[in-house]
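Novice: These are the residues of each chain, in order.
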Amino acid sequence: MSQSHGHSPLAQFEVYPLVPLQFGPYDVSFTNASLWMVAVVASSLLLLGLGARKRALVPGRLQNVSEVLVQWIADTLRDSAGAEAMKYFPVIFTLFIFILMANMLGMAPYSFTVTSHIIVTFALAACVFLTTTLIAIVRHGPLKFLHFFIPEGTPLWMAPLMFFIELFSYLARPVSLSIRLAANMMAGHTMLKVLAGFVVMMGLGGIAPLAFLVVMTGFEFGIAVLQAYVFTILTCVYLNDALHLH
Amino acid sequence: MAKRPDPLPSLDALQQRLNAARGHEKAQQSASGGMSRSIGMGLRISVELVAGVVVGVVFGYLLDRGLGTSPWLLLAGFALGCAASARNLKRAVERLDKEEESGTTPGA
Chain A
1 MSQSHGHSPL AQFEVYPLVP LQFGPYDVSF TNASLWMVAV VASSLLLLGL
51 GARKRALVPG RLQNVSEVLV QWIADTLRDS AGAEAMKYFP VIFTLFIFIL
101 MANMLGMAPY SFTVTSHIIV TFALAACVFL TTTLIAIVRH GPLKFLHFFI
151 PEGTPLWMAP LMFFIELFSY LARPVSLSIR LAANMMAGHT MLKVLAGFVV
201 MMGLGGIAPL AFLVVMTGFE FGIAVLQAYV FTILTCVYLN DALHLH
Chain B
1001 MAKRPDPLPS LDALQQRLNA ARGHEKAQQS ASGGMSRSIG MGLRISVELV
1051 AGVVVGVVFG YLLDRGLGTS PWLLLAGFAL GCAASARNLK RAVERLDKEE
1101 ESGTTPGA
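Line by line, the protein sequences give chains A and B. For what it's worth, the numbering used here labels the leading residue of the first sequence as 1, then goes sequentially. For what it's worth, the numbering used here labels the leading residue of the second sequence as 1001, then goes sequentially.
Simulated from the structure, these hints should not be mistaken for laboratory data. There's no promise every hint is true.
[Unchecked claim] Taking lysine-lysine pairs in the DSS-like style, the calculated list, with each CA pair at most 30 Å apart, reads:
#1 K144(A) x K1090(B)
#2 K54(A) x K1090(B)
#3 K144(A) x K1098(B)
If you're wondering where the values come from, they're calculated on a predicted model, not measured in any experiment.
Use the sequences and the hints to build the structure in full.
Specialist: Listed below in structure tokens is the structure:
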């Protein structure tokens, strides 16, 4: 199955079909990426499901982890977008836990990091972008939504230019969300594999890159959690924009 | 003369002590997460720089292809993309400053 673990540090990102499937002209094979996404969903269901089972007043370890995650994101959402945004909490939390578990599972040896592919992160960012735009349009009406792109106090002759600039900066949101996550994951994992290659190449002197590799792996765990949190907090900020500042 | 009750000066003193304690805790928090927090901030801001330009260039290029006015729309799109990314950068920095002073979880 692991025909891709060759000598290149980029071989870890290869996507290959496990169960080839066709839907008309479209290739909908079940790939190794799909398998790892199923693993992400299964592990998040396990973590949160088992954690929520006992409902003890004094939480055990698993329940404590689940509670910390839920409380962290609930506080973030409430602080960024206000109490009325709490009805969107299930979506935001699902987003967060998917990205978090995908990043964390990618840290396992010989694993595949789902979020290192820009198509995956773009799909997530597109969901966020479409959802917040739809919420804004439905809530405030399309005219007020377009008015958001012309800030207060622009003189009339500057309005078309400002409209395009604001439009581009609004459209840059899904692009920046997706690039940030994918670039962080891809760069981090590529660097880890390159360092690992040095360890093997340098023989006895490989102790130095090995020490550095240990530090960088720890750093990558931190980046995994951080990037999931940044994605989520930016989603909350965009949700706040959609709900209020229009 | 009616006795007007003092509006609870002890509450003021309590508030002052709370502020001092909270300030102390915030200083502790920021000292502990120093490096990863600034790296997180740097990564967040640098992506905003790239994303705006990318959106402008892609828009300009697609409109060029559609209307056949190459390469002017591509250049205009690039310029507008730079302006958009500058706006996003300014907003991102303001947002980070607001997060820092309101004490949300550091590291982003």
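Novice: Hint check: K144(A) vs K1098(B), CA-CA at most 30 Å. Holds or violated?
Specialist: holds, 26 Å
Novice: Please verify whether K54(A) and K1090(B) have alpha carbons no more than 30 Å apart.
Specialist: Given pair K54(A), K1090(B) is violated - Cα atoms ~47 Å apart, limit 30 Å.
Novice: Compare the distance between the alpha carbons of K144(A) and K1090(B) with 30 Å, and conclude whether the hinted pair is satisfied.
Specialist: holds, 24 Å
Checked against the numbered hints given earlier, the structure breaks only hint 2 and satisfies all the rest.
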